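S.K.: Protein chains in written order, with the working numbering: chain A, 1 to 152; chain B, 1001 to 1225.
A hint or two may mislead.
Where chain A lies over chain B, by a calculated footprint (3+ residues, C-beta under 8 angstroms) [as the list claims (entries may be wrong)]: (1) 1076–1084; (2) 1142–1153.
In silico negatives: residues of chain A with every beta carbon more than 10 angstroms from chain B [what the hints assert, rightly or not]: (3) Ala21; (4) Gly28; (5) Ser86; (6) Ala105; (7) Arg126.
Cβ-Cβ distance ranges computed for the label pairs, FRET-style [unchecked claim]: (8) A/Gly94 <-> B/Leu1067: 45 to 53 angstroms; (9) B/Pro1127 <-> A/Val30: 54 to 62 angstroms; (10) A/Asp109 <-> B/Arg1215: 54 to 62 angstroms; (11) A/Ala100 <-> B/Asn1004: 53 to 61 angstroms; (12) B/Leu1134 <-> A/Pro84: 26 to 34 angstroms.
Hints in this document: simulated from the structure, not taken from any laboratory.
Since this is a predicted model, take the numbers as computed values, not measurements.
All C-beta atoms, glycine included, are put in the ideal place defined by N, C-alpha and C.
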Amino acid sequence: MFKLENCALPRLLGGRGLRFAALLTALGLVLSGCAPATEAGGARVLVDGAAWEGPAVSPEAGEGLRVYITCDGKPLLDLPFSEPHSVQILQGDGAENTVAITGDAVYMDHADCENQDCVQMGEVTRDNLELRVMGGFIICLPHKISVEVRDG
Amino acid sequence: MNSNAGKVARFGMLTALALVLGWLDRAIPVTWFLSGAVPGIKLGLANTVLLYAVYLMDWKGCVLLMLAKVFLSGFMFGSMSAILYSLCGGALSLAVMLLVRRGPRVGALVIALLAAASDAMLLMRNPHPRGQMLWCVILIALACLAALAAFFIIGRRPDFAVLGTSLAGAVAHNIGQILAASAMLRTPQLLYTYLPVLVGIGAVVGCLTGIVAQRVFKALRVPIK
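With these hints in hand, go ahead and build the complete structure from the sequences.
M.R.: Written out as structure tokens, the structure is:
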């Protein structure tokens, strides 16, 4: 008679506690994968102080470095790396991030998150793109914002 | 200490300890030594409590303690997303620690291999590392050596078994968190930029906490099965 308890693998994997913990991990991953994106829908983007009305993904991108900004996994906008801009992202729950694009560097200028990791990640330039540990990424985990510099 | 009252007292004490150490984790800035290159590094002192629980309590107690730690410290210091990250990290690290408790040498060896693989991955991405990257490559190489050393030490001195469990638990915590983060942000690129570094840092930190745990276990006369 086939019983799961008699199989070698579950015994090797060490009993119920382990399976329960593994289940919890899977549950957490699934939850974070399909976390409802309520606030992201309400994210407002201000470029140089004016509301952004362009497309979330620009169709004519293709040449040179571009800055891609996403919130909660959804693209918000992308801009050329070489044009100076200040991008402010305001989310429904009061979360606020400001990304500065100076023309030769991109950095998180301001964020009202609890750990300030994104502000401390420093700037992405043309020269350090390959040298940075995080590559072209600047990420604010608490606000689920990612800024990526890459070729269009 | 097998009575019900003893169990309750032990559980309460460990929960309180986990919360206090979780606060201490936030208060000690570790990120500065990599000058902000790698965000979100903590000493992981709160996870040492889970390590003690793995040896002191049964699996139900461990799971309950992990959940209590994640939710209480999440509501006190963090946000909803922080709870999800640490739930994934905590659950995966608990699963791995429960698994590795029976074979800590294997755990240490696997971590050494993982560290070597992530070092190779970083070098493949950037064959001539400079600056930040160079420091990270050196750090991960050190982590690999430390895990190998743990492998040999555990073989010779069985009372150092905690070291292997701690190493595997710390690295698994980082892997769980980064999996959650990349699922949440839909950026799988995190897995090859950020994960190798976190494996190395997890191994270094796991070694340190493992040595502390070994001392504490010796002083408390905790049986190591």
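S.K.: Which numbered conditions among the earlier hints are violated in the structure presented, ordered from lowest to highest?
M.R.: Failing hints, ascending: 2, 3, 4, 8, 9, 10.
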